[in-house]
Every structure is written in structure tokens, then in C-alpha cells.
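*Asks:* Below are the chains, spelled out letter by letter.
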Amino acid sequence: MDSDKFKQQIIPLQSAMQLLADRMLGDVAEAEDVVQDIFVTLWNQRSDLDKVLNLQAYCLQTVRLRCIDIIRKRKRDAFHHEQIAYLSDKEVEMEVEETASHAALLDRLLDDLPEKQRQAIKMKYIEERDTQYIEQALQMSSNNVYTTLSRALQSLKEKIKTIKI
Amino acid sequence: MNDTPDINKLFEAARRREADIRRQQQLSDMIDRLAKNEQKTESGKRKAKGGLFWTYAGIAASVLLLSIVGLRILSQGSTSSSQQQLIAKTKPHVESEEKSAESGEQRMESVVQVRRPNTSAVLAISETTAEVPSHGMQQNESEEDKTIIEMPVVLPDEPLLAEETQNGEQRTEDKDQDMYQHESNSPVVYERTSTRLVCGSGCRPEVRHNQEDTPSFAFTNISSTGTTIGIGSSGF
Numbered sequence: 000m001d002s003d004k005f006k007q008q009i010i011p012l013q014s015a016m017q018l019l020a021d022r023m024l025g026d027v028a029e030a031e032d033v034v035q036d037i038f039v040t041l042w043n044q045r046s047d048l049d050k051v052l053n054l055q056a057y058c059l060q061t062v063r064l065r066c067i068d069i070i071r072k073r074k075r076d077a078f079h080h081e082q083i084a085y086l087s088d089k090e091v092e093m094e095v096e097e098t099a100s101h102a103a104l105l106d107r108l109l110d111d112l113p114e115k116q117r118q119a120i121k122m123k124y125i126e127e128r129d130t131q132y133i134e135q136a137l138q139m140s141s142n143n144v145y146t147t148l149s150r151a152l153q154s155l156k157e158k159i160k161t162i163k164i
Numbered sequence: 000m001n002d003t004p005d006i007n008k009l010f011e012a013a014r015r016r017e018a019d020i021r022r023q024q025q026l027s028d029m030i031d032r033l034a035k036n037e038q039k040t041e042s043g044k045r046k047a048k049g050g051l052f053w054t055y056a057g058i059a060a061s062v063l064l065l066s067i068v069g070l071r072i073l074s075q076g077s078t079s080s081s082q083q084q085l086i087a088k089t090k091p092h093v094e095s096e097e098k099s100a101e102s103g104e105q106r107m108e109s110v111v112q113v114r115r116p117n118t119s120a121v122l123a124i125s126e127t128t129a130e131v132p133s134h135g136m137q138q139n140e141s142e143e144d145k146t147i148i149e150m151p152v153v154l155p156d157e158p159l160l161a162e163e164t165q166n167g168e169q170r171t172e173d174k175d176q177d178m179y180q181h182e183s184n185s186p187v188v189y190e191r192t193s194t195r196l197v198c199g200s201g202c203r204p205e206v207r208h209n210q211e212d213t214p215s216f217a218f219t220n221i222s223s224t225g226t227t228i229g230i231g232s233s234g235f
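For the protein sequence lines, the chains are S and B, in the order given.
For the first sequence, numbering that gives the first Met the number 0 begins at 0 and goes up steadily by one.
For the second sequence, numbering that gives the first Met the number 0 begins at 0 and goes up steadily by one.
Please note that a few of the clues may not be correct.
[What the hints assert, rightly or not] Across the chosen pairs, the derived CB separations fall in these ranges:
1) Y55/B <-> L64/S: 42 to 48 Å
2) K48/B <-> D106/S: 31 to 37 Å
3) I67/S <-> S42/B: 35 to 41 Å
4) L63/B <-> D47/S: 43 to 49 Å
5) N7/B <-> A28/S: 19 to 25 Å
The set of hints was computed from the structure by calculation and includes no laboratory data.
Beta carbons are placed, not taken as given, at the ideal position from N, Cα and C, and that holds for glycine.
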């Protein structure tokens, strides 16, 4: 499996892998590290990946086992006693699909907003930028940014009420 | 499912998606780097293999060269040993030459038994060696060229008595003759039982009788080219 094929077939599985790791570990940063390590491992084993029939199941199981190892280590350290949030492949897949559909819905809702409001919402709630950054990026005053964001949120909430998933 | 989505859920999903896109991009870059590193490693390995190949080739060539040189040295050594053998073969030749040169001083070895006439009792045995002067023996004469000639010696038919001078005085110079003189009244016979002429090559001995009818030997030293290079003689 060359790098193009790897990118095409394995990298899109990152969302599900990240979600599963997030849920199992409860730590986004740690989940990112786990997923990245697993990708390095998968890259090193890419010659064997052609034999794998279900790549998504294989990758998710790898994440699951790695997370279980981490959780067991935590338990040995006696700092964490939480239950393992075990998700099946189907649950992970459903959650990934839900996330994707929600993100797509938001895209549609944002598309109906004016340009300034859409950019302000993206920067504030998706990119999680601070107000000063938005002021500089949109060349708006602080008050204008607050006003724009407030109006955009109100518009979105109204539109969401009309949408039934 | 008729559920109105929470706006925060939508934002959360959008954030997750954006984060996933960012992470996937990072992973894609990481894969590119890994692929590049692998290519570098592969090329490095290939270069290393190539270098290793040339290293081995160099070592093999060096070993081959050393082997050839060693064989040459050994062959030279064997040549030198063969030369030594040749020298060893030649040395006896030289020694023989030396011996021949020594034997150029031809000598007459004779054994004389002194006994009473008509008896086998030997009173005394005298072994004498007469050196024959040599003149300019050829240096390249070999041992094989040395000739030892044993020949019968012509002796006077009459038994020689213990020699008396014409004045009737007995000689007392010779110790052997002293022994003879001890029984002066009894006749004794001295008999030369063997005479050996030892001379080098080119020595052509011939037996002559001198005026006293005493056998003597004349030697003509002849070089390998046939040239007469010296004349010697010996008599008794």
C-alpha cells in the first residue's frame, strides 16, 4: 500500500478512531496521541493492510486495544478508577455519522447567514478564536463583534427549530 | 427520530469535524514525511549496500592481490629453495671440486705386510700414503671424476731380506726395520698387499718402472679440455 492509497483509505478513518479514543480515554489530547501512534504503526504495517478485509474495524479495534492498555496502566497507577467507556464499532460509526450530519447541518444553516455573521460564528464557536482576533480579522469593533455574534446565534436557533432531523 | 438538535451540538460536531480535518492533514503530512524518510533510508541502505559491495569487492580484490603476491613470494621462495637445492646439488660439486682440487694432490696408499718367507705370519703391517704433487688441477673437476685405481704391484721375485748395506751394516733409521732388525738373522719378506692410487680427474695414471725396477706412478693431469696442465710422479 503506497502513501496515496494509505491517505485515501486509512486517513479518513481518523474521525472514528479519534472519537473512539476520546470516548474511551476522556482526554482529547491523549486520544490524539494514541491515534497518531496508531497511524505510525499502521504505516509501518501498510504492506499487511492489503490483506485486511475491513479496514475500519481493524483500525477501531487497534484503537480500542491501545486505549484499554492505557486505561489498565492508569488503574495500575491507582489514579483512575473510571469505567471503560466501551463503544462497539457500530456505535462509533453511528456517532461519527451523527457528527458528520450535524456538521453538515450547521454548514447549511451558516450558508443562510450573512457573510460577517457566518465568519464571526465560525471563528467564535468552531475555531474558538478570541474576540480580539475576530475584531482584527473582520476589522470590526468589539461591540460590533458582540452584536454580530448575538444576531447570528439568534438566527441559527430560529432556523434549527424549523429543522427536524 | 424527531429531535431538534442543540445548537451547541452542532457547533461541537463542526469543531470535531474541523479538528478531524486538521488532524487528518497533519497525519497526511506525517505519512509524507515517513514515506520520504523511508525513501531516504532505502536509498541510504542501497548506497550502504553499494558501498558495502564495493567494500567487499575491494577486500576481495585485496585478498586476491595478496594471494597472488603471496603465491609469487612462495613461488620465489620455492624457486629460491630450488635454487638452494641446486646450490646444495652444486655444493657437493664444488666440494667435490674442492676435493678434486685436494685430490689434485694425488696420493698413493699402499699397505705393506712384513712376514717371513713361506709363512703366513705377518710380522708387521705398514700403511703408507705418498702424496703426489699436483700442478694446476682443473677447478671444475667433480667427485665422479676422481679415480681410484688399484693395481697389482710388481715386486721383486726374491724375498727381500732385512736390508743390509753393502758394508754389512744394518739400517736402524726405520722403526719398522728396527723390528725387522730385531730378528736380523731371520729373513723376512715385505709384501705390498695393495696399492691404491687416488687422484683427481684428468689424472691419467700409468705405471712405470724406474731404473731400479721399482714401480712408480706417473701422473699426467689433464684438464677437461684435454690440455695437459701438470705432471707428477711418485715412487717407492
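*Asks:* For each hint, tell me whether it holds in the structure or not.
*Replies:* A quick look at each hint next to the structure:
1. Roughly 44 Å separates the CB atoms of Y55/B and L64/S, a value that falls within the hinted 42 to 48 Å.
2. Taking 31 to 37 Å as the suggested C-beta distance range, the pair K48/B and D106/S does not conform, at roughly 53 Å.
3. Range check, I67/S to S42/B: about 39 Å between beta-carbon atoms, so the 35 to 41 Å window is met.
4. Roughly 44 Å separates the CB atoms of L63/B and D47/S, a value that falls within the hinted 43 to 49 Å.
5. The given range of 19 to 25 Å is respected by N7/B and A28/S, whose C-beta atoms sit roughly 21 Å from each other.
In this structure, only the earlier hint numbered 2 is contradicted, and the remaining ones agree with it.
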